[in-house]
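Trainee: For chain A, the structure is supplied; the task is to place chain B on it using the hints.
Which chain is which? The protein sequence lines are A and B, in order.
When we follow the working numbering, the leftmost residue of the first sequence carries the number 1, and every step to the right adds one.
When we follow the working numbering, the leftmost residue of the second sequence carries the number 318, and every step to the right adds one.
Source of the hints: derived by calculation from the structure; they are not laboratory data.
Cβ coordinates follow ideal geometry from the N, Cα and C atoms, glycine included.
Any given hint could be a false lead.
As the list claims (entries may be wrong) - Covered stretches of chain B (chain A as the covering partner; in silico rule of three or more C-beta atoms under 8 angstroms from a C-beta of chain A):
{"#": "1", "segment": "318-327"}
{"#": "2", "segment": "331-344"}
As the list claims (entries may be wrong) - Here are some chain A residues pointing at chain B (derived, C-beta under 10 angstroms):
{"#": "3", "residue": "Gly32"}
{"#": "4", "residue": "Val33"}
{"#": "5", "residue": "Phe60"}
{"#": "6", "residue": "Glu212"}
{"#": "7", "residue": "Gly214"}
{"#": "8", "residue": "Leu277"}
{"#": "9", "residue": "Gly280"}
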Amino acid sequence: MTYPALSAIILTPLVILGLATVLTWVERRLLGVWQDRYGPNRVGPGGMFQAVADGTKILFKQDWIPPFADRGIFVAAPAIGMMTVLLAFAAIPLTMGTGIAGDMNVGLLFILGMMGLGVYAVVLAGWSSNSKYALLGGMRAAAQMISYEVFMGLSVLGVVMMAGSFNLRAIVAAQAGVWFIIPQCLGFGVFMLAGIAQTHRLPFDLPEGENELGAGFHTEYSGMKFGMFFIAEYAGIILVSSLVTTLYLGGWRGPFLPPAVWSALKTGGVVVFFILLRAGLPRPRYDQLMALGWKILLPLSLFNVMATGTILMLRAS
Amino acid sequence: MLDTLRTLFLTALHAFHRRATVQYPEQPPYLPPRYRGRIILSRDPDGAERCVACNLCAVACPVDCISLQKTEADGRWYPEYFRINFSRCIFCGLCEEACPTYAIQLTPDFEMGEYARSNLVYEKEDLLISGTGKYPDYSFYHVAGIPVPGKARGASERERPPVDLHSLLP
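Chain A on its own, in the form it takes in the complex:
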């Protein structure tokens, strides 16, 4: 293994974990900005070290495993959640040359697969907690994530058809003329919604649903195990945002600035949009969520696949 590859493998998880930690502070500040207040602004300049303070606190908290829990799985679940998210980042290309496995020919499939595996973290956490709220949260998470995964894959198909490849670098290269957000606007919308549901972020955070389930699948978790779910969720936001950037927003393409900066800027923009969704929208009812998925988004994404295929065929002939 070459030296740059090795350093990328070591650096990427560190950077992602650091970003996810900082993101907890960024989110709280931004939510504050949109709610006419300031958010955490006391620790360090502008409250920057709030995440460090929170991390220190959560590390020193009692890490309690309930006696009725299924110990092995209970401990493994947050690790699975963390691992799948971090592994998925391997296939994300930051620029043409950087990224651990940016040139993987099934990069997109790999990421979708890893996000699919991420369901296990939530379901196993809900199951092994052996408590009804956690179990309900886990069941909701399973139903939600599996159904939204279906049209997450379908919505991406349009992009894959236009680029003719599952390779994420090739997909960005295919956006040389126009970003896929224009011809694939339908797929983009569906993918965004599915991405929110997949990372179970507000407004689709029904697996956690504080007001009816306590805290959902991580009700019984405390200390750093809860912290890992938390960080995994934020890393998931970054993952979906960078995926949106790569698939629909032209990846690292952009004038004047270096490619890595463009990638970071676009990803950051999508992350901010994610937080805006949380600030602005209320949580739907669970049946509304499922109805939206199966009755609206699934036909839409199928139509998108059909339309894209038809247009591509007509253009080719």
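Mentor: The following block gives chain B in isolation, referenced to the frame of chain A:
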């Protein structure tokens, strides 16, 4: 769909609204003069303690946080000790209303946090201030009909000299 986007837009616009937060320690809130905060014992314009240890404040106190003991010196009543347990006090101001001599007063100050509960028990020397508080000219012994050193009977404000019974002639 459109109303969702509108909601998001309006939410984003809130970034430019005025903050509702008051940055408290740096930006102190306005406290009106009659704010009911930390309790003090005031002195009269001559610098003597106003409190006459009548116990009315302790009787009026709904949470029984005031404790005092009367003592006498030169014909005046004083509290021997005067103790307010601020961990019990609810800052209702009934003691101030009950006080016949304007001695006990509530002030616009609430910053009295302590790490040890016992530090919230204020003794007389913690409560006494050097000034007159809200009533700068009032002095109980100048209006009351009791003779004290430096003021004979009948020398109070709006008080006539005592009637000399022996000079009354038919």
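Trainee: Going through the numbered hints above, which ones does this structure break? Give me the numbers in ascending order.
Mentor: Going through the list in order, the structure violates hints 5, 6, 7 and respects the others.
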